[in-house]
Structures are given as structure tokens and as C-alpha cells.
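Number of protein chains: 2
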Amino acid sequence: MQRMLTEIRIAGFGGQGVILAAAVIGKAAAIFQGGYATMTQSFGPEARGGSSSAQVILSNEPILYPYVAQPDVLVVMSQEACTRFVPQLRPGGILITEQELVRVDQYPTGTRVYGVPATRLAEELGRKVVLNIVMVGFFGAVTKLLDRDSLRSAVADSVPPAMQKLNLEAFDKGFEYGSQLLVRLSENGDQEPVALESA
Amino acid sequence: MQRMLTEIRIAGFGGQGVILAAAVIGKAAAIFQGGYATMTQSFGPEARGGSSSAQVILSNEPILYPYVAQPDVLVVMSQEACTRFVPQLRPGGILITEQELVRVDQYPTGTRVYGVPATRLAEELGRKVVLNIVMVGFFGAVTKLLDRDSLRSAVADSVPPAMQKLNLEAFDKGFEYGSQLLVRLSENGDQEPVALESA
Numbered sequence: 001m002q003r004m005l006t007e008i009r010i011a012g013f014g015g016q017g018v019i020l021a022a023a024v025i026g027k028a029a030a031i032f033q034g035g036y037a038t039m040t041q042s043f044g045p046e047a048r049g050g051s052s053s054a055q056v057i058l059s060n061e062p063i064l065y066p067y068v069a070q071p072d073v074l075v076v077m078s079q080e081a082c083t084r085f086v087p088q089l090r091p092g093g094i095l096i097t098e099q100e101l102v103r104v105d106q107y108p109t110g111t112r113v114y115g116v117p118a119t120r121l122a123e124e125l126g127r128k129v130v131l132n133i134v135m136v137g138f139f140g141a142v143t144k145l146l147d148r149d150s151l152r153s154a155v156a157d158s159v160p161p162a163m164q165k166l167n168l169e170a171f172d173k174g175f176e177y178g179s180q181l182l183v184r185l186s187e188n189g190d191q192e193p194v195a196l197e198s199a
Numbered sequence: 001m002q003r004m005l006t007e008i009r010i011a012g013f014g015g016q017g018v019i020l021a022a023a024v025i026g027k028a029a030a031i032f033q034g035g036y037a038t039m040t041q042s043f044g045p046e047a048r049g050g051s052s053s054a055q056v057i058l059s060n061e062p063i064l065y066p067y068v069a070q071p072d073v074l075v076v077m078s079q080e081a082c083t084r085f086v087p088q089l090r091p092g093g094i095l096i097t098e099q100e101l102v103r104v105d106q107y108p109t110g111t112r113v114y115g116v117p118a119t120r121l122a123e124e125l126g127r128k129v130v131l132n133i134v135m136v137g138f139f140g141a142v143t144k145l146l147d148r149d150s151l152r153s154a155v156a157d158s159v160p161p162a163m164q165k166l167n168l169e170a171f172d173k174g175f176e177y178g179s180q181l182l183v184r185l186s187e188n189g190d191q192e193p194v195a196l197e198s199a
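Those sequence lines, one after another, are chains H and B.
Counting with my numbering, you get residues 1 to 199 for the letters of the first sequence.
Counting with my numbering, you get residues 1 to 199 for the letters of the second sequence.
Hints are supplied without guarantee of correctness; some may be wrong.
Said to hold, decoys possible - Here are the simulated DSSO-like cross-link-like pairs (lysine-lysine), alpha carbons at most 30 angstroms apart as the crow flies:
1. B/LYS144 to B/LYS165
2. B/LYS144 to H/LYS165
3. B/LYS128 to B/LYS165
4. H/LYS128 to H/LYS144
5. B/LYS128 to B/LYS144
6. B/LYS144 to H/LYS144
7. H/LYS165 to H/LYS128
8. H/LYS165 to H/LYS144
9. B/LYS144 to H/LYS128
Said to hold, decoys possible - For the chain H half of the interface with chain B, some residues (derived, Cβ under 8 angstroms), not all of them:
10. PHE13
11. LYS27
12. ALA29
13. ALA30
14. THR38
15. MET39
16. GLN41
17. SER42
18. PHE43
19. GLY44
20. ALA47
21. TYR65
22. PRO66
23. TYR67
24. PRO161
Stated by the list, open to error - Covered stretches of chain B, going by a simulated chain H footprint (3 or more residues, C-beta under 8 angstroms):
25. 22–34
26. 37–43
27. 88–98
Please keep in mind that the hints were generated in silico from the structure rather than gathered at the bench.
Even for Gly, the Cβ is constructed at its ideal location relative to N, Cα and C.
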């Protein structure tokens with residue numbers, strides 16, 4: 001069996017729910033889809049300055065050394081996070097942005113860039129705080145790395161019962177936005193993303 | 001400046017708040033004490049079975065490779081976690097147990113073992129769910145790795161405002177229990193732990 005390893009970096013401000021988004025993706029892969037995942041959060045000077053970032057590694061085998069540092073997928077919810085992490089993105093990787101908070105001015109060759117107004121979509125649900133789960137839904141639709149149902153189950157499993165309905169709505173809203181974006185890109189002749197494979 | 005690296009492994013059942021405990025320790029070191037920390041959570045077959053574990057690495061320098069896998073300090077809140085992780089403990093390391101849930105029958109040479117009835121202490125506060133923060137307080141007192149105030153600030157920073165009072169009480173309860181245990185051990189002629197240093 002071929003080894004598959006996918007690195008995802010999620011970054012933004014403290015308070016945007018970066019860590020929960022990362023944990024949802026890790027859980028979806030490992031608990032609901034039979035794979036393996038690690039989630040690593042670094043605390044340091046950036047954290048003292050209010051930035052937050054997490055790395056998720058997905059694999060079809062146990063992960064012995066959870067360190068890659070060249071993300072296949074980068075999800076950024078702040079300009080600072082974008083500026084800091086885009087240079088690390090693997091050529092041909094996927095860059096996902098909160099498009100009303102982030103302006104992308106440069107990226108590695110072949111990067112596929114997808115933007116979503118996650119904060120505004122969350123506000124439409126009445127709770128800005130679920131922007132992170134909108135991002136997870138959008139991530140699911142455009143990367144196709146994980147099953148929609150696995151991600152949805154991981155969302156439900158990661159929030160308190162009283163918050164499940166809101167968070168599932170946020171997930172669905174992000175997912176639908178992403179699916180429709182792919183349809184529009186496809187109609188324009190752009191190629192849609194395929195699952196990533198790398199060693 | 002000498003490099004200092006300390007690995008802490010926290011493990012138990014899902015639902016015991018293992019990840020929050022790990023994040024509190026990482027934040028205390030990095031955000032409130034000027035150091036660096038990483039927190040890594042693995043999702044895999046164990047997570048599907050209801051186990052939960054996290055690794056925290058503390059350092060006085062940026063951590064490039066967050067992988068050591070021979071904990072200096074192991075905190076276990078379930079028998080399964082104890083059985084699984086005790087063989088990895090560094091000789092001369094510290095083993096901290098939820099003493100009413102874990103029976104320790106073997107450990108590496110020179111291990112210092114400290115038990116706390118964290119679930120019962122949490123129940124005395126009316127909320128069993130804060131047993132993880134009782135463990136963090138106890139951890140702080142017996143390891144002396146981090147300042148009490150840094151840990152306390154990290155607890156306050158990691159829970160919703162409405163839960164702060166309860167969690168700070170849980171922290172103090174665990175810390176006091178640990179401090180008193182050290183006094184009793186000292187009166188019995190046992191040596192108390194010193195800060196760990198290793199490369």
C-alpha cells in the first residue's frame with residue numbers, strides 16, 4: 001500500500017477558532033474515516049501577539065514524526081497568517097483564504113487559490129464565532145480530501161450539544177459555497193482540484 | 001544559553017479533558033512565561049476506542065521538531081493510558097496518576113510517582129468535569145516546572161468567562177494537594193522533585 005501524507009496548516013487570529021477547525025479535520029480523518037492524523041499547535045512569540053496556527057497531518061498509516069512544514073493545503077484567516085505561511089506552501093498546493101480578511105499578492109507556482117467570505121456567512125447565521133466551521137465546510141468542498149459525512153460527524157462530535165445545530169448549519173453553508181464555486185470555475189474552464197498525494 | 005527541552009505526555013479517556021490540560025500547560029510556558037511550547041494530539045485507532053492523549057514540549061528556544069517520545073513527565077488518568085505509556089517514561093522521570101483510577105504496578109528505574117484523587121476533588125467542587133484542571137494544579141505543584149501564576153493565568157485564558165471561577169478553584173485545589181503531599185514526603189525523608197533539564 002502506498003503511503004499517503006497530507007499536511008494542512010490553518011492559521012489566523014486568536015479567537016477565530018483555528019485549533020477547533022484543525023481538530024475537526026483530524027478527527028474526521030482518523031475517527032470517522034479510519035485513517036490517522038496528528039494535530040500540532042505551537043505556542044510562542046506569535047501566540048503572545050494574538051496569532052494562532054495549527055498543523056494537521058493526515059495519513060493512511062500511523063504518523064511517527066508529525067513534522068513536515070511544507071503544507072499541501074494552507075487555510076488562512078488573517079493577513080499576517082497569509083504573509084507568514086504562504087512562502088511555505090508546496091508548489092501546486094491549495095491556498096484557502098477568508099477572502100474579506102486576506103489579500104493574496106504572491107504565492108508559489110501552480111497554487112490553486114480559493115476564497116470564501118466565511119465571517120460574513122457566519123454572521124448570516126447570527127453567530128460570527130462559527131466562521132471557523134464555515135471554513136472547514138469550504139475546505140471539505142474544494143479539497144475533496146475527506147468525505148463530507150466524516151467532516152460533518154467530526155463537527156458534531158467536537159462542539160457541545162447545544163451548539164451542534166448552529167455548527168452543522170455553518171458547515172453546510174461553507175460546503176455549499178465551495179461546491180458552487182467549483183461549478184462556476186468549471187464552467188469557466190478552470191480545472192477543479194484533485195486529491196493530493198505526496199510522500 | 002543551554003538548551004532545555006522537557007516533554008510531557010498527558011493521557012486518559014476521551015471526555016476527561018486531556019487536550020485542554022495539555023493546552024493550558026503549553027500556554028503557561030509560552031504565553032505567560034516567555035518560553036516556547038508545542039502541543040501535539042494524535043488521532044488514530046486509540047481515539048476511535050475512546051482514549052485521548054497529548055504531548056506537550058516545553059523549551060527555552062523555538063521548537064523545530066516537536067517529537068521526542070520519551071516523556072520526562074507522564075500524567076495518566078486511566079489504567080489503559082498508564083499501561084501504554086509508562087514503558088516510554090524517561091528513567092528518573094515523574095509519573096503523575098489519578099490515583100483512584102490507576103494502579104501503577106511497574107515503572108522505569110528512579111521514577112518519582114505522585115498520585116492525586118483528582119476526580120474526587122473535582123466532585124467536591126460540584127463538577128467532576130474539572131478533574132483535568134485539578135490534575136494541572138497538582139502537576140504544577142509537584143513538578144515545579146512552571147510558575148503557579150503562569151499556570152493559573154493560562155487556566156483563566158483557556159476557559160469561557162462563566163467557567164473561570166470554578167476552574168481556578170479546581171486548579172488551586174490540585175495545587176494545594178500537591179504542595180501538602182510534598183511536605184509530607186519531605187517529613188518522611190523523601191526527596192522532593194527538582195526541575196528537569198535534558199537535551
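How the hints compare with the structure:
1. B/LYS144 to B/LYS165: Given pair B/LYS144, B/LYS165 holds - Cα atoms ~23 angstroms apart, limit 30 angstroms.
2. B/LYS144 to H/LYS165: Roughly 43 angstroms separates the two Cα atoms, so the pair is violated.
3. B/LYS128 to B/LYS165: Distance of about 15 angstroms is within 30 angstroms: holds.
4. H/LYS128 to H/LYS144: Within the cut-off at roughly 25 angstroms; holds.
5. B/LYS128 to B/LYS144: holds (25 angstroms)
6. B/LYS144 to H/LYS144: violated (46 angstroms)
7. H/LYS165 to H/LYS128: Holds: H/LYS165 and H/LYS128 sit about 15 angstroms apart, inside 30 angstroms.
8. H/LYS165 to H/LYS144: It holds: about 23 angstroms lies between the C-alpha atoms, which stays within 30 angstroms.
9. B/LYS144 to H/LYS128: Not OK: B/LYS144 and H/LYS128 at ~40 angstroms, beyond 30 angstroms, violated.
10. PHE13: violated (14 angstroms)
11. LYS27: Holds, about 6 angstroms.
12. ALA29: With a closest approach of 7 angstroms, the H/ALA29 hint holds.
13. ALA30: holds (3 angstroms)
14. THR38: The hint holds - H/THR38 has a Cβ within 8 angstroms of chain B, the shortest such distance being about 5 angstroms.
15. MET39: Holds, about 5 angstroms.
16. GLN41: holds (5 angstroms)
17. SER42: Nearest chain B Cβ about 5 angstroms off; hint holds.
18. PHE43: holds (3 angstroms)
19. GLY44: holds (5 angstroms)
20. ALA47: H/ALA47 check passes; min Cβ-Cβ to chain B is 5 angstroms, inside 8 angstroms.
21. TYR65: holds (5 angstroms)
22. PRO66: holds (6 angstroms)
23. TYR67: holds (5 angstroms)
24. PRO161: Nearest chain B Cβ about 13 angstroms off; hint violated.
25. 22–34: It holds, with 6 qualifying residues against the three required.
26. 37–43: holds (count 7)
27. 88–98: Coverage by chain H is violated here, the residue count being 0 at a Cβ distance below 8 angstroms.
Checked against the numbered hints listed earlier, the structure breaks hints 2, 6, 9, 10, 24, 27; every other hint is satisfied.
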